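So the sequence lines, in the order shown, correspond to chains A and B. Everything in the first sequence is counted per our numbering, starting at 1 for the first residue and increasing by one. Everything in the second sequence is counted per our numbering, starting at 1 for the first residue and increasing by one.
Read the hints as simulated data drawn from the structure, not as lab findings. Predicted, not measured: the structure shown is a model, and the values here were computed from it. Warning: the hint list may mix true and false statements.
Listed next, the in silico DMTMM-like pairs over lysine to aspartate or glutamate satisfying Cα-Cα at most 25 Å (straight line) [stated by the list, open to error]:
id: 1; chain 1: B; residue 1: Lys404; chain 2: B; residue 2: Asp350
id: 2; chain 1: B; residue 1: Lys361; chain 2: A; residue 2: Asp68
id: 3; chain 1: B; residue 1: Lys325; chain 2: A; residue 2: Asp66
id: 4; chain 1: B; residue 1: Lys361; chain 2: A; residue 2: Glu28
id: 5; chain 1: B; residue 1: Lys92; chain 2: B; residue 2: Asp502
id: 6; chain 1: B; residue 1: Lys208; chain 2: B; residue 2: Asp322
id: 7; chain 1: B; residue 1: Lys325; chain 2: A; residue 2: Asp140
id: 8; chain 1: B; residue 1: Lys477; chain 2: B; residue 2: Glu364
id: 9; chain 1: B; residue 1: Lys404; chain 2: A; residue 2: Asp68
id: 10; chain 1: B; residue 1: Lys323; chain 2: A; residue 2: Asp296
id: 11; chain 1: B; residue 1: Lys404; chain 2: A; residue 2: Asp66
id: 12; chain 1: B; residue 1: Lys64; chain 2: B; residue 2: Asp224
id: 13; chain 1: B; residue 1: Lys231; chain 2: B; residue 2: Asp322
id: 14; chain 1: B; residue 1: Lys477; chain 2: B; residue 2: Glu154
id: 15; chain 1: B; residue 1: Lys311; chain 2: B; residue 2: Glu331
id: 16; chain 1: B; residue 1: Lys361; chain 2: B; residue 2: Asp322
id: 17; chain 1: B; residue 1: Lys468; chain 2: B; residue 2: Glu310
id: 18; chain 1: B; residue 1: Lys363; chain 2: A; residue 2: Asp132
id: 19; chain 1: B; residue 1: Lys457; chain 2: B; residue 2: Glu501
id: 20; chain 1: B; residue 1: Lys335; chain 2: B; residue 2: Asp354
id: 21; chain 1: B; residue 1: Lys363; chain 2: B; residue 2: Glu331
id: 22; chain 1: B; residue 1: Lys335; chain 2: A; residue 2: Asp68
id: 23; chain 1: B; residue 1: Lys363; chain 2: A; residue 2: Asp66
id: 24; chain 1: B; residue 1: Lys47; chain 2: B; residue 2: Glu283
id: 25; chain 1: B; residue 1: Lys231; chain 2: B; residue 2: Asp430
id: 26; chain 1: B; residue 1: Lys325; chain 2: B; residue 2: Asp303
id: 27; chain 1: B; residue 1: Lys231; chain 2: B; residue 2: Asp87
id: 28; chain 1: B; residue 1: Lys323; chain 2: B; residue 2: Asp502
id: 29; chain 1: B; residue 1: Lys304; chain 2: B; residue 2: Asp120
id: 30; chain 1: B; residue 1: Lys335; chain 2: B; residue 2: Glu501
id: 31; chain 1: B; residue 1: Lys323; chain 2: A; residue 2: Asp68
id: 32; chain 1: B; residue 1: Lys304; chain 2: B; residue 2: Asp224
id: 33; chain 1: B; residue 1: Lys335; chain 2: B; residue 2: Glu497
Covered stretches of chain A (in silico footprint by chain B; criterion: 3 or more residues with CB under 8 Å from a CB of chain B, positions within the stretch not fixed) [to be verified]:
id: 34; stretch: 49 to 62
id: 35; stretch: 179 to 190
id: 36; stretch: 257 to 271
No residue lacks a Cβ here, since even glycine has one placed at the ideal position from N, Cα and C.
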Amino acid sequence: MARTPEPLPSTGSGETLKKSKPIPLWYEAGLRLIKSKTALVGVIIIVLLVLTAILAPVIATHNPTDQDIVNRYQAPSSAYLLGTDELGRDIFSRIVYGTRISIQIGVIAVGISLVIGVFLGGIAGYYGRWIDQLVMRFIDIMMAFPSILMAIALVAVLGPSLQNAMIAVGIVGIPQFARIVRSAVLSIKENEYIEAAKSIGAKHGRILIQHVLPNCVAPIIVQATLGVGTAILDAAGLSFLGLGAQPPTPEWGAMLSDGRAAIQNAPWVVAFPGLAIFLVVLGFNLFGDGLRDALDPRLKR
Amino acid sequence: MINKKWFGILVLLFAMLLVVSACTGDDGDSSNESGKEKDTENATGDKTLIFGRGADSIQLDPSKVTDGESIYVTNQIYDTLVRYEEDSTEVKPALATEWTPSEDGLTWTFQLRDDVTFHDGSEFTAEDVVFNFERWATSAEFIYYGYMFGASEEDLGGIIESVEATSDYEVTFTLSEPNAPFLQTLAMPPFGIASPEAVEEHGEDYFKNPIGTGPFVFSEWVPDDSITVIKNEEYFGDTAKVDKVIFRTIPDNGARFMELQSGSIDMMTGLNPQDIQTIDADENLQIIERPSMNVSYMAMNTDKEGPLAEKEVRQAINLAIDKEKLVSLYEGIGKPAKNPLPPSLWGFNDDIEDYGYDIEKAKELLAEAGFADGFDITLNTFSNPRPYMPQPKVSAQAIQEMLKEVNINVEIIESDWDTHLSLTENGEHDMAFLGWTGDNGDPDNFLYVLLDKDNAKVGSAGNIAFYKNDEVHDLLKAAQTEMDQEKRTELYLEAQELIHEDAPWFPIAHTTPPIAANQKVSDYVPHSTGSEPFNMLDIQE
Chain A
1 MARTPEPLPS TGSGETLKKS KPIPLWYEAG LRLIKSKTAL VGVIIIVLLV
51 LTAILAPVIA THNPTDQDIV NRYQAPSSAY LLGTDELGRD IFSRIVYGTR
101 ISIQIGVIAV GISLVIGVFL GGIAGYYGRW IDQLVMRFID IMMAFPSILM
151 AIALVAVLGP SLQNAMIAVG IVGIPQFARI VRSAVLSIKE NEYIEAAKSI
201 GAKHGRILIQ HVLPNCVAPI IVQATLGVGT AILDAAGLSF LGLGAQPPTP
251 EWGAMLSDGR AAIQNAPWVV AFPGLAIFLV VLGFNLFGDG LRDALDPRLK
301 R
Chain B
1 MINKKWFGIL VLLFAMLLVV SACTGDDGDS SNESGKEKDT ENATGDKTLI
51 FGRGADSIQL DPSKVTDGES IYVTNQIYDT LVRYEEDSTE VKPALATEWT
101 PSEDGLTWTF QLRDDVTFHD GSEFTAEDVV FNFERWATSA EFIYYGYMFG
151 ASEEDLGGII ESVEATSDYE VTFTLSEPNA PFLQTLAMPP FGIASPEAVE
201 EHGEDYFKNP IGTGPFVFSE WVPDDSITVI KNEEYFGDTA KVDKVIFRTI
251 PDNGARFMEL QSGSIDMMTG LNPQDIQTID ADENLQIIER PSMNVSYMAM
301 NTDKEGPLAE KEVRQAINLA IDKEKLVSLY EGIGKPAKNP LPPSLWGFND
351 DIEDYGYDIE KAKELLAEAG FADGFDITLN TFSNPRPYMP QPKVSAQAIQ
401 EMLKEVNINV EIIESDWDTH LSLTENGEHD MAFLGWTGDN GDPDNFLYVL
451 LDKDNAKVGS AGNIAFYKND EVHDLLKAAQ TEMDQEKRTE LYLEAQELIH
501 EDAPWFPIAH TTPPIAANQK VSDYVPHSTG SEPFNMLDIQ E
């Protein structure tokens, strides 16, 4: 699993060495992942989600923001597959376009948590001492807030918009990454190859980036996958409260919120966006759990 | 932790499904059950009316507020010198029994009742009336006083020159100019007479401890939750038939309606229009319609530099919105508006032809004003329903989409009711939704309050379009001092034409606000002014 330290600039043989080493891990992990049925369900949901997002203009039957006030609150039918909402917009098309927003939220929010979290966790774990104390106590403070509450507070400061909701959800996700990376770094930095790198005079930054972090990839990937689900859920929550996506963006949480008024007469207005959120979050969680099992070396037979 | 999270989602989803199925299922069972609960609750024999609404009162001192939710409650606690008839805006005696204006309309003498006591036990006399008017005339905070009597920061008294107690039970008003709607105005609930002792005792906190002479006595206020008033046994008029009224704040329309269905509240305002059919089908519930005397509108801030300062742009916006479609969102409780005045009021100008829906013409006008490529603009709306606008957010989204056709890019800003009011009064908006329910059945109460330059003052604006037209001002002022109704009508007709041409508003609708109630509520007659004392209302057990 460990990489061979590379004192010299990359050479041809170095390249092949680098690539050939990790393959068994990924290969094995991939096999285990496919064997797990729940993880497979997760993969299928995510693939469908991505395909829907890419092919949204082809799949959608209507323009997601086109209103047809005369035909509002229509029940699902052949003309409107999942019915229409309070302004006569086609719910199916809105959900289809909503996948783009959900993926965007997932990727950007997790991207923010990942970059900042890995950086903080990395320096805390690697340098230790007062830096560790400072960073981790700061992370502890962040974790003391319920995540959605902190997201609401952040959006309240930044102003309600989809972009700010993504930033807020991203910031809220930082502590998980920081903790996971720190603990991984703590154990990796005791390995002989790190000592070897130090002994031949490699700088701290180089050791951290070239030798320590690549070995933390597995837990980071697991956390990122699980984090996407949480991020989508949190962002939907913010939009439901009117703090995220602004009209007429077809964001699922906002659709839920707007459809509340008709829950008794037109339950499809809230049922389908709710189901969409549920499925996607479920997909990422199943896949994330599967990944964790697959990548855990302790599970090796 | 992650597993817990998606287990939570599952539970939530099931809960959601349960709610949906419970609501579409047989309603008979659930209402029977809650009926039983009610019976045991009421075993003491107290008749309690629970009234559900979308927003809490802001203050319970009617001289500090203009919002309907505050007035709704203060109307139970306070009396005015005169009151409106139960079913019209004709004036009838209340604290005053008789009144006589002088020939020139400058002096009004009121005879007062001699058998009235405040809720704190102190006796009501002419001095108390003088105290209240003096209190109002020395503070710029009483927005309604400014609206109705032309008072301003510089001239706090407005047209009321003096109020004197000419005997223990006689008050004489001296005006600086004749004021046609004067008597009508005094019947408005904001001019409720407060106990001077209580005002002096509580000072700044008086609005939390209101003391009046009305049919109900204030009992408790839990902010954002409920206000409780109890029957005033000593009331000089008809004593209340119910023992207690609880005003509960339930912000969400759907949640409030579910409470009504389950029987935990007896009456509610702010019904989602699409729930009306559910009520028609439910034999336990009834709809009581409030007579229409209101208008909802989108004001365009003419004071802000930019496109809205141009008349052509405002007209173009009027042309670019399909009003028929927009008003169809009211599900039959609203009619399209073309004037600021409701058609039920005298002085309504029916000769005015509305702009109509004409995209091409709108584009031409925009091009003429130099905005052929459109522009970005914000539209302020509020989160809770109002009687004149049941679905503010949905309406805003409809307008957003319609204006896209003429390249006007609308950003919607939604705030809660409090914030929305202060924001618009301060003129911080481009375009904003608002509405008005007539207070006294006089056109002056619409046109002067909402569109005169006197009321376009930043900080307390009633005229949130900040529309300033001297011609209109002269007409409205002339109509105030003219006592002959026919001549006043002429003046109002002309003013409406000028306003139509300048288009400071996009008038939206006049509604017949529905109040949903349990069948056991009886003898409730909603008043066109938007609130009424509940002393005649009864509840069958």
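Quick one, are Lys323 of chain B and Asp502 of chain B close enough, alpha carbons at most 25 Å?
-> holds (18 Å)
Hey, Lys335 of chain B versus Asp354 of chain B, does the alpha-carbon distance stay inside 25 Å?
-> Distance ~13 Å between Lys335 of chain B and Asp354 of chain B Cα, so the pair holds.
25 Å Cα cutoff - pair Lys477 of chain B, Glu154 of chain B = holds (18 Å)
Take the C-alpha atoms of Lys335 of chain B and Glu497 of chain B, compute the straight-line distance between them, and say whether it is at most 25 Å.
-> Satisfied, since the Cα-Cα distance of roughly 20 Å is no more than 25 Å.
25 Å Cα cutoff - pair Lys323 of chain B, Asp296 of chain A = Violated, at about 62 Å.
Given pair status - Asp322 of chain B, Lys231 of chain B, alpha carbons within 25 Å = Violated. Lys231 of chain B to Asp322 of chain B sits at ~48 Å, over the 25 Å cutoff.
Satisfaction of hint between Asp66 of chain A and Lys363 of chain B, Cα-Cα up to 25 Å = Holds, at about 20 Å.
Hinted pair Lys325 of chain B and Asp66 of chain A, Cα distance within 25 Å = Holds: Lys325 of chain B and Asp66 of chain A sit about 14 Å apart, inside 25 Å.
Hinted pair Lys304 of chain B and Asp224 of chain B, Cα distance within 25 Å = Violated. Lys304 of chain B to Asp224 of chain B sits at ~34 Å, over the 25 Å cutoff.
Please count how many residues of the stretch 49 to 62 of chain A have a CB within 8 Å of a CB from chain B and say whether that reaches 3.
-> Contact hint for the stretch 49 to 62 of chain A vs chain B: violated, 0 residues under 8 Å.
Count residues of the stretch 257 to 271 of chain A with a Cβ under 8 Å from any Cβ of chain B, then say if the count reaches three.
-> Satisfied; 11 residues make the cut.
Pairwise hint evaluation, Asp68 of chain A against Lys323 of chain B, where the allowed Cα distance is 25 Å at most = holds (14 Å)
Consistency with the previously given hints fails for numbers 1, 4, 5, 6, 7, 8, 10, 13, 15, 18, 21, 25, 26, 29, 32, 34, 35, ordered from lowest to highest.
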